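Undergrad: Residue numbers (our numbering), protein chains in the order written: chain A, 13 to 274; chain B, 100 to 377.
Derived from the structure by calculation, the hints contain no laboratory data. Nothing here was measured: the structure is a model prediction, and the numbers come from that model. Do not rely on the hints blindly, as some may be mistaken.
Cut-off 25 angstroms, straight-line C-alpha distance, at most; resulting in silico cross-link-like pairs (BS3-like, lysine-lysine) [claimed, not checked]:
#  : chain 1 : residue 1 : chain 2 : residue 2
1  : A       : 148       : A       : 120
2  : A       : 124       : A       : 76
3  : A       : 234       : A       : 272
4  : B       : 270       : B       : 375
5  : A       : 235       : A       : 39
6  : A       : 39        : A       : 272
7  : B       : 293       : A       : 120
8  : A       : 148       : B       : 339
9  : A       : 197       : A       : 234
10 : B       : 339       : A       : 120
11 : B       : 214       : A       : 124
12 : B       : 375       : A       : 148
13 : A       : 76        : B       : 375
14 : A       : 38        : A       : 197
15 : A       : 76        : A       : 260
16 : A       : 272       : A       : 260
17 : B       : 328       : B       : 339
18 : A       : 76        : B       : 214
19 : A       : 260       : A       : 235
If you want the building blocks of each chain, they are given just below.
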Amino acid sequence: MPEIPSIKNSTGEMWMNNVYKSFGPKKVLDGITFTIPSGSFTCLCGPSGCGKTTIMNILAGYLKPDSGECVFDGNMVEGPSTDRLVVFQETTLFQWMTLWNNTLFGPKMQGKDRRATAEKARELINLSGLTGFESKYPRQLSGGMQRRAELIRVLINEPKILLLDEPFRGLDAMTRGIMQEHFIKIFEETGTTMLLITSELEEAIFLGDTVYLLTAMPARIKKEIAINLPRPRTFEHQTTQQFAHLLKEAYEVMEEEALKIF
Amino acid sequence: MSTERAVATPKAKLPSWFSWVRTHRPSTETLITFTTLLIIIVVWNEIARREIVSKIFIPAPMDVLRAVWETSTEGYHGRSIWVHNLDSLERVLIGWVAACILTIPLGFAMGLSSKINAIFDYLIEFYRPLPPLAYYTLLVLWFGIGELSKVLLLFLAAIPPITIGCSQAVKNLSLAVIQAARSLGASSRQIFFKIILPGTMPEIITSIRISLGFTYTVLVAAEIVAATKGIGWLVWDASKFLRSDLIFTGIIIMGLTGVALDAIIRMIARYLLRWKYM
């Protein structure tokens with residue numbers, strides 16, 4: 013199996029300090045503070061509609077906070093950058109481009125060397141089991157393939173941090189499980205810093221090193237849980253006593269918040 | 100022990116054309132369509148033959164065919180009916196192409212900027228429901244009865260579907276798709292040409308298709324007022340002499356031309372949007 017060029021030595025530390033954000037009279041973020049250590053898999057978990065995507069938009073640079081700071085590698089986030097790439101909850105593959113052209117879109121826009129990126133694209137496509145589908149258009153691919161394609165399109169740019177906005181939403185249970193393991197594999201092999209936003213506790217605990225639990229809107233960090241499950245992580249970890257214990261702990265905290273919007 | 104099995108006797112060999120017919124059999128729907136057409140022609144022929152309705156109003160199919168032949172060879176008022184048809188097509192296409200070139204960008208601008216939308220939206224919404232003949236009188240008053248007023252009328256008729264379609268198409272584009280392109284390093288210019296333009300292409304094509312159809316229907320109106328050529332004018336002129344065979348001829352040619360125009364656009368669309376039809 014080909015290896016992805018290692019970017020373990022890159023930094024990719026990110027933190028938010030006391031971030032507030034309102035849309036008109038609606039208060040969405042109410043003093044968010046958390047850290048994403050370099051090379052870690054951090055999860056933000058909150059009830060649906062709690063403002064998770066707003067946090068994502070600020071981290072990605074699409075939105076500016078009303079107050080507070082959002083810092084990446086020691087610099088304030090001013091706008092979108094290829095260092096911080098997003099995998100969105102809806103598919104954002106360009107429907108009018110083949111898988112190959114979707115993959116190479118980033119490098120082309122950044123004017124990178126064609127030969128080197130084509131080589132890397134082939135490796136990534138192979139690693140994701142999509143070899144042979146290069147000339148297919150997105151709607152010719154299955155839901156799971158589209159998700160993997162989206163991940164490839166982002167990974168080829170060697171981002172320092174990957175922002176995953178509910179990337180498993182809408183996949184059937186089996187595909188979702190396989191996809192989660194795929195993401196774990198990519199994380200463990202590349203060492204890219206990752207932030208996952210999700211409303212599913214099991215998912216957050218299964219994937220993350222740290223899980224931050226959010227309150228219902230306006231969002232605040234309610235609890236931080238360190239996930240001490242060993243790596244490399246496999247699907248069996250979900251059946252351990254330890255996993256069940258962590259899930260119970262998180263569930264008790266979240267139930268109260270979920271009832272608020274029930 | 101015997102291992103013999105009953106060997107199926109080979110079926111009688113069918114003639115080779117039989118399998119061809121089987122694989123190339125038209126669909127039931129196609130057969131229904133053509134049967135309907137056939138029934139209409141037969142009924143039409145019967146009505147004309149028995150003179151249930153006077154021939155002044157409904158000519159026989161053969162009379163229409165004869166009229167097609169006459170107007171093709173001898174012409175009508177010195178021009179072959181096909182040249183009349185081309186004259187009309189020229190007017191439609193000039194008006195429509197001009198509208199496409201000028202208003203696709205306008206539609207985009209309206210979709211992207213609420214301020215530009217505020218300038219044009221209500222103007223277009225105001226004149227869109229007006230019957231073109233209502234303001235045609237004004238155009239004739241201002242620009243005379245020549246080509247200019249006709250082409251202008253067709254141009255104006257072509258605009259609303261395009262601006263509405265294009266501005267809506269831009270608004271419908273997913274924000275996440277544009278954000279993704281921006282994160283991947285695309286400049287505003289690249290986002291326009293590589294994301295917005297191809298992403299809205301299906302709706303653009305639909306809107307210009309609707310626009311061409313509508314423009315074509317306005318054609319007769321444009322040609323009725325003081326023209327001396329064109330298929331619309333031919334129909335109108337023939338009616339003054341109760342030449343129903345010519346009226347039928349003109350209408351049928353007009354209809355077929357409309358169908359052909361739409362087929363051409365659909366063909367271009369299939370090529371441009373092959374990612375959608377794969």
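Undergrad: Each hint: holds or not?
TA: Tested hints:
1. A:148 with A:120: holds, 19 angstroms
2. A:124 with A:76: violated, 29 angstroms
3. A:234 with A:272: holds, 14 angstroms
4. B:270 with B:375: Given pair residue 270 of chain B, residue 375 of chain B holds - Cα atoms ~20 angstroms apart, limit 25 angstroms.
5. A:235 with A:39: holds, 20 angstroms
6. A:39 with A:272: holds, 16 angstroms
7. B:293 with A:120: Given that 25 angstroms is the threshold and the Cα spacing comes to 12 angstroms, the pair holds.
8. A:148 with B:339: violated, 60 angstroms
9. A:197 with A:234: Between residue 197 of chain A and residue 234 of chain A the Cα gap is close to 29 angstroms, so the pair fails against 25 angstroms, i.e. violated.
10. B:339 with A:120: Roughly 66 angstroms between the alpha carbons, so the hint for residue 339 of chain B and residue 120 of chain A is violated.
11. B:214 with A:124: violated, 38 angstroms
12. B:375 with A:148: Between residue 375 of chain B and residue 148 of chain A the Cα gap is close to 11 angstroms, so the pair holds against 25 angstroms.
13. A:76 with B:375: violated, 36 angstroms
14. A:38 with A:197: violated, 39 angstroms
15. A:76 with A:260: violated, 35 angstroms
16. A:272 with A:260: Distance of about 19 angstroms is within 25 angstroms: holds.
17. B:328 with B:339: holds, 15 angstroms
18. A:76 with B:214: holds, 24 angstroms
19. A:260 with A:235: holds, 14 angstroms
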